[in-house]
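> Just so you know, the protein sequences line up as chains A and B, in that order. Under my numbering, residues 1 to 271 are what the first sequence spells out, in order. Under my numbering, residues 1 to 569 are what the second sequence spells out, in order.
Bear in mind the hints are in silico, worked out from the structure with no lab data behind them. Possibly wrong hints are sitting among the right ones.
Claimed, not checked - Using 25 angstroms as the maximum straight-line C-alpha spacing, the simulated BS3-like pairs for lysine-lysine come out as follows:
#1 A:93 with B:503
#2 A:185 with B:471
#3 A:61 with B:247
#4 A:237 with B:503
#5 A:239 with B:426
#6 A:193 with A:269
#7 B:358 with A:98
#8 A:239 with B:502
#9 B:502 with A:218
#10 A:52 with B:247
#11 B:502 with A:95
#12 A:193 with B:358
#13 A:269 with A:239
#14 A:105 with B:502
#15 B:471 with A:52
#16 A:169 with A:98
#17 A:6 with B:90
#18 B:426 with A:185
#19 A:193 with B:395
#20 A:102 with B:502
#21 A:61 with B:210
#22 A:245 with B:358
#23 B:503 with A:6
#24 A:52 with B:395
#25 A:93 with B:247
#26 A:218 with A:266
#27 A:237 with B:502
#28 A:245 with A:258
#29 A:102 with B:503
To be verified - Reference listing, derived: stretches of chain A covered by chain B, where coverage requires no fewer than 3 residues with Cβ under 8 angstroms from a Cβ of chain B:
#30 23-29
#31 43-50
#32 95-101
What the hints assert, rightly or not - Restraint-style ranges between C-beta atoms, simulated for each label pair:
#33 A:193 with B:141: 50 to 56 angstroms
#34 B:38 with A:60: 30 to 36 angstroms
#35 B:364 with A:25: 33 to 39 angstroms
#36 A:75 with B:203: 46 to 52 angstroms
Idealized CB from N, CA, C, for every residue including glycine.
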Amino acid sequence: MGNIFKKLGIGLVVGGALVVVGHSQELPVSFQVLFFIVALIGAIVFMLLDAKPIGTMSGGKSVFAVTAFWILLITVCIAGASLLPQFDPEDEKAKIGKLLDKERKQSAQGKAEELIARAKALDAQVKALEERLKGIGGGQAATATATPPAGDKPSAAAGGGSASGDVMKVGEEQWQLQECYNCHKLRGEGGKKRGPELDNIGSLLTVEEIQQKIEDPKSFMAEGYEKEWQKGIMPNKFKDLMDPKEMQALAAWLGTFKNASVNTPKPIKKN
Amino acid sequence: MKKLSSGLLSLVVLFSLSVAATSVYAQEVGASTVEFPYTGNRTAVWIVAQLHILFAAFILGAPIFVVISEWLGYRKQDPRYDRLAKEVTKVTVILFSMTAVTGGLFIFVLLAAYPQFTTSFINQFYVVFAILYPALFITETILMYAYLYTWDVWKGEKKGRHIVLGVLLNLVCLLILFVINGPTSFMNTPPKAEGVSPQDFIAAATLWDKIANQSWFPLSLHRIDGNVAFGGFITGLIAAYMYMGSKTQEERAYYDWMGFAAIWIAVGGSLLQPFTGLLLAYEMCDYDFSFCPYMMADQLSMFFETQGIMIGLLFLGINYYSWLSVKRIEGADNVRMTILAPIVLIVLLPATMWVMDKFWIPDPMSLAFLLPLVLSPFLFGRFIPKTVSARTVIKIGFIIMLISDAVWLTPAGFVATGTDMPDEMKLPEGWDYLSSMPAKLSAILTLVYVTVVNYVLYNRTIKQGTILWGKIDFAAQFVLIFLAFTSTWIMGLMGAVRSLLKKYFHVYSLVSDLSAESFTPTLSYSVWWITAITVVFIGIVSVAALVALRPSVARVREPEGSPVPIAAK
Chain A
1 MGNIFKKLGI GLVVGGALVV VGHSQELPVS FQVLFFIVAL IGAIVFMLLD
51 AKPIGTMSGG KSVFAVTAFW ILLITVCIAG ASLLPQFDPE DEKAKIGKLL
101 DKERKQSAQG KAEELIARAK ALDAQVKALE ERLKGIGGGQ AATATATPPA
151 GDKPSAAAGG GSASGDVMKV GEEQWQLQEC YNCHKLRGEG GKKRGPELDN
201 IGSLLTVEEI QQKIEDPKSF MAEGYEKEWQ KGIMPNKFKD LMDPKEMQAL
251 AAWLGTFKNA SVNTPKPIKK N
Chain B
1 MKKLSSGLLS LVVLFSLSVA ATSVYAQEVG ASTVEFPYTG NRTAVWIVAQ
51 LHILFAAFIL GAPIFVVISE WLGYRKQDPR YDRLAKEVTK VTVILFSMTA
101 VTGGLFIFVL LAAYPQFTTS FINQFYVVFA ILYPALFITE TILMYAYLYT
151 WDVWKGEKKG RHIVLGVLLN LVCLLILFVI NGPTSFMNTP PKAEGVSPQD
201 FIAAATLWDK IANQSWFPLS LHRIDGNVAF GGFITGLIAA YMYMGSKTQE
251 ERAYYDWMGF AAIWIAVGGS LLQPFTGLLL AYEMCDYDFS FCPYMMADQL
301 SMFFETQGIM IGLLFLGINY YSWLSVKRIE GADNVRMTIL APIVLIVLLP
351 ATMWVMDKFW IPDPMSLAFL LPLVLSPFLF GRFIPKTVSA RTVIKIGFII
401 MLISDAVWLT PAGFVATGTD MPDEMKLPEG WDYLSSMPAK LSAILTLVYV
451 TVVNYVLYNR TIKQGTILWG KIDFAAQFVL IFLAFTSTWI MGLMGAVRSL
501 LKKYFHVYSL VSDLSAESFT PTLSYSVWWI TAITVVFIGI VSVAALVALR
551 PSVARVREPE GSPVPIAAK
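Extracted from the complex, chain B is given alone in its bound form (with noise of 0.2 angstroms):
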């Protein structure tokens, strides 16, 4: 009996440490109660935030572009930029609501994942987060209805003011990116100092400390004309909708138009995007070199072996579509070119390679030498008489692209990681410098030139033409799809490299993520998500047009102003 008695005894003690045990644990702020069902907690908050990013970068590139397209409507006094930058601005509006939305949610998800680092994270950007983000997220607003319903009402001589205020709208968002990326580029280089712990340097640090950390910077020039070429590329998509749904020649021709005018202010941020880009690798290696070896030889090289197989398409996409542009110009086939940018584009390349191999950036040797190199169909291809058609510089144009994509997709070795790399599967001594740098940075030069040379020659040719508004091939409005999702998708393949840079930190070298997931996934698990995501905004954002432009294609088609009341129609 007494043995018996003293097992009931251990139960209950047992039971009462049990509930104790647990209780505790609810009550710990570090752990989080809650497991997202099916993607678990790493992935639900990447989803929330790379949707919100998504929109965010929609709401923040688009009225650059707007403000930009309608002071040139202004100053052309041609009313289709007013009406481009007008509709767009209605589609901004509504998809800056669903910022709002996905910004709400992605704090709601990140605090039920992660609770202990959200507090102490918000609490490190108090200032940031409860003061100057929603201040300027107000004024942000306020700016953005004000200056869609202003619109009307602010033309023609008032129309100064209206762009006054665009750009007020602008300098606003750009604050709010700039203000916003402190925290976000903080969890990937938190400043620290020689001799100095980081938890005593981060304890001791000011705002603007934490603020101003070393990817900074770079980070928020790499959005600013991410953000525009975004902005861009999306406009192009609607534009491909909207023609496809035109019912007139009058509202194709629009439409056609507003697709190459969103194209190419889509290629002005696209052309500097691998140079910001570069630049933000280079300060985040400069901040700790283990990341460079992470991100292109270790766990990420296939990441960005996809992402150079993207860039790679969106360039011949890009180009493509000029291609498409140039064969709806009559009088396209008389452009002719100076026969010294065939032979630029040829010898750019291995010119390039050479040159950097022998004088790496930023030895100022190489720009000494690339710069007469790429100019000089521009300085003295007019006191040379040979010339070659438009459509022989494009159809080389091409090949070169091709070629250019080929050493920019050459990695040193096809394996998932270059620790356990074999000698069979590296390139052969010889051929390792395909896989360099500056065999890389030589590749995208080239591919922008590439691009460059393109628009030179549609502006040419538009010159000596005459655009056929409506009449270009139906193909280009799936280049035009293919190039919004393609832009979408790079965004969402960085962001989970710029993310996933933090390896297994909340805060790189300062917070662990103590959780189950702090590994990196594999590529394939990625890209199901990052497809995922494109699809849902692509799918929100297309929504959002229709239901923004369809009345107004429909009232456009109406006569306004008729005298006739409809009942008696």
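Only chain A is shown next, with the shape it has when bound in the complex (with noise of 0.2 angstroms):
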């Protein structure tokens, strides 16, 4: 036992510094959190490394102890990695319905599932049909209002609102969509300096020549990303996932960035 608390004594004094330190430093708690159960690890580490031999086990203590043993791992394992912050599902399925909702229009079985819909909407149309002959044994039954099918009605994403309120909207919403954020830095937000801050792009850069940039990633390159690594990392798929008006919506929305405060590198044209 003399062993046992040793260790944890010192464990917890050198994880006790290292929080103080952290706060200190203005570590947000997370950190000091996981420094402290690093060095309550390290504790139970130089515990097992001054413990004393297990004897030898068999028969029914052994299978017991290996079960006891299996039960402790998968308790870990889960519990542990479900403490850890959790990415919610939905902010991601909201952009993959908008990325692929086209994709699922054109297929056979968006087709088919419209077509089902449909069919389910003269279905229900057909009940209240009959729910009504049935009441007033068929005398009315002409002043019902068939509801147009929800498939014959206009598109509500294609029309309305001006036109170029809709462009900026389409921009702003393919920059979420295919996450130009990860790499830019836009607004003051996103970015991890991957990619140049792109606040004052209108300035530097026609809008033609932002959507030839986005279509080619090589065509331009900006100042002070000369490394070998930093070379067309930016991936060069945005022209196959979006369609011409989407990027020229994107292009356009970036056009009209134009804060002269941000420092934007200098796109230099490359080809």
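Using the hints, put the two standalone chains together into the complex.
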């Protein structure tokens, strides 16, 4: 027991010291907790290193020990990983829904689903009609106003609103959907220095040039991003993931960013 | 009446339309009419695929060290190596059928869940799936059985012939791995070319173009050393169970030795794993840089945090086993090592972090600094008279490992995705280096180095002392179980990561997954399944080991060639 208390004491002291240092350095609490846990794991490791040997087990005792050990392993693995922050799939589902919407509709499955939806809508109307017929003996059936099937409705997404407003909206949406923010900082959000900050891109490139850069990432190279590993890290896939209108909208939207106080590096024409 | 008949007519029309729609739906190859209960289609495929990969990893990895073990036994004239090789082969043969069963099940589940994709994918690789893979699998089966059943026939002078057969089996195993990794890696990194749409490029691509995609070779390398390590850890698990079930000291001595031999082979593979894994990640990111943030900073960042925890624990477990092994060596207390060893252990992590920050790989300057540093205890140690005890070196090594683990585990922020990271959750300026790739690489390099130093120490202790086989602390058997569980679990986790990297595609940027399940699942959901798969796999392996090896234990205890008839005993 002396071994356990001694090591635990040292672990708590080291962990506590790490928490104090972390706190003084304004490290977020989660990091302080991490370092404290590592110190405690250290204490356990040193307890085990100096622990007395376990005698040989056999028969039911060893089966029980192995079973208990398995339960411990399973519990620690599941609980440990579940305690970490969890990404909410709903955030992604909405994005993927939008990205795949066109393809889903174009696919045979999408068409079949649309057909089924229409059939179901018509089926509901028939049932309503039947109910009325039953109720009034058919006399007033004619007054039932049929709602046009969902599929016949004009697409709400296609029309409405001013054209330029829509373009900007589509452009911003593409910025989100294609996750451009993962590499580029804009409006103070996103970016991890992987790609240049874009708040002043509208002053440095025309909309056509921005579109060219998205279409062919090697057409322009930002100043300061000449290191070998930084060259060509912008994926050459966006022309396949966006249709020309969406790409144009994204370029037009980015073209509106002309904040000269942000040091957007100068793009250099490459080809 | 007219209105009534028109209503009835509408009813008939609508009914026909409804039936037509349903039958169109049912005939569409793209639409899966199957919905796996409880799990859903994607998880059903995931479970079967992961189980298949685990069995396949074992049956492809085990023969590598089986033949090495057999060769060592032949060269050293140590029958234990031969027994180890034969016993593992017996278990491998049983698990071979499990690989085939889960492989078949995998195809059926895939066809049921994703009929259109599976059909088109098989069409893309029909030469692989219809000719190469079955031919190689049949050849492997024949060689595997021949290898097992010629064991007792080709011995003595004919042993060389048997080893050659084992080598041949391994060559076929490697071929299978490379061949099947073609379609697997194709799903992540289908070949592409500038100025041509992915669809057009694939339509014109040859089979070789599709197989030799960017992640094919790194994935195969990663899987080779992974399979060797995995085979070793699973053999360690078998040795632990058999040790626990042993009735005699002789048996305990043998299974103690078996666990030791298996773990050191596994360590050999494990030491390479981080580097081949890094190469794979590098190639993936080079193919499409968006993989990198998705893995390390966004949706999968906590998957990597978990991987860091598990790898840290795996290395702690390996070195703890080594510590327990040293403890059962008589005379271990007298073993000493140059003081340069603990000094290098202490300075290695900060020195590597500094070097990696200044000269990022592949800058040769990083090697120019680091190689002399890591080799100095072995090259210059003999010229320095000051020494420290082996136990002190190992204990310092553990402290360094814990610090390296802390660095390895430090993310940019404890958030589910780096995209929405508030400033108060981020590492502050000046500390953010801890979350960078150079810091991670330094940490893993240090973990590997500590393990190598411990291995060198262990070998030195063996030479200077006497190993008391069968006298190892019983806790070592739990370490062996822990290592097998952890390595299997990590394989499951990283398998999920590799597959999830395709995002909402079946084949990245080429074939979209239009089902409702093409999103990133939560880590919590994933680990439930990963743990369940691990438990099922290890459960089956344990049963296979008991079935294959218990009779041989019983036979060994029985004096062989007893002339007394059973009835007369």
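> Hint by hint, note whether the structure agrees.
How the hints compare with the structure:
1. A:93 with B:503: Satisfied, since the Cα-Cα distance of roughly 11 angstroms is no more than 25 angstroms.
2. A:185 with B:471: violated, 61 angstroms
3. A:61 with B:247: holds, 14 angstroms
4. A:237 with B:503: Distance ~14 angstroms between residue 237 of chain A and residue 503 of chain B Cα, so the pair holds.
5. A:239 with B:426: violated, 34 angstroms
6. A:193 with A:269: At roughly 21 angstroms apart (the allowed maximum being 25 angstroms), residue 269 of chain A and residue 193 of chain A satisfy the hint.
7. B:358 with A:98: violated, 43 angstroms
8. A:239 with B:502: holds, 18 angstroms
9. B:502 with A:218: holds, 24 angstroms
10. A:52 with B:247: Roughly 23 angstroms separates the two Cα atoms, so the pair holds.
11. B:502 with A:95: holds, 15 angstroms
12. A:193 with B:358: Holds - the C-alpha atoms of residue 358 of chain B and residue 193 of chain A are around 18 angstroms apart, at most 25 angstroms.
13. A:269 with A:239: holds, 19 angstroms
14. A:105 with B:502: holds, 21 angstroms
15. B:471 with A:52: Distance of about 14 angstroms is within 25 angstroms: holds.
16. A:169 with A:98: holds, 14 angstroms
17. A:6 with B:90: violated, 47 angstroms
18. B:426 with A:185: Between residue 426 of chain B and residue 185 of chain A the Cα gap is close to 16 angstroms, so the pair holds against 25 angstroms.
19. A:193 with B:395: The given pair, whose Cα atoms are some 40 angstroms apart, is violated under the 25 angstroms limit.
20. A:102 with B:502: Distance of about 19 angstroms is within 25 angstroms: holds.
21. A:61 with B:210: This hinted pair is violated, its Cα atoms lying about 54 angstroms apart.
22. A:245 with B:358: violated, 44 angstroms
23. B:503 with A:6: It is violated: about 49 angstroms lies between the C-alpha atoms, which goes past 25 angstroms.
24. A:52 with B:395: holds, 16 angstroms
25. A:93 with B:247: violated, 57 angstroms
26. A:218 with A:266: holds, 14 angstroms
27. A:237 with B:502: This hinted pair holds, its Cα atoms lying about 14 angstroms apart.
28. A:245 with A:258: Between residue 245 of chain A and residue 258 of chain A the Cα gap is close to 22 angstroms, so the pair holds against 25 angstroms.
29. A:102 with B:503: holds, 17 angstroms
30. 23-29: Satisfied; 4 residues make the cut.
31. 43-50: Contact hint for the segment 43-50 of chain A vs chain B: holds, 4 residues under 8 angstroms.
32. 95-101: Held - the segment 95-101 of chain A has 3 residues with a Cβ nearer than 8 angstroms to chain B, which meets the minimum of three.
33. A:193 with B:141: 50 to 56 angstroms: Given about 53 angstroms between the Cβ atoms, the range holds.
34. B:38 with A:60: 30 to 36 angstroms: Hint holds: Cβ distance 34 angstroms, inside 30 to 36 angstroms.
35. B:364 with A:25: 33 to 39 angstroms: Holds - the Cβ-Cβ distance for residue 364 of chain B and residue 25 of chain A, about 35 angstroms, lies within 33 to 39 angstroms.
36. A:75 with B:203: 46 to 52 angstroms: For residue 75 of chain A and residue 203 of chain B the Cβ distance comes to about 51 angstroms; the hint holds.
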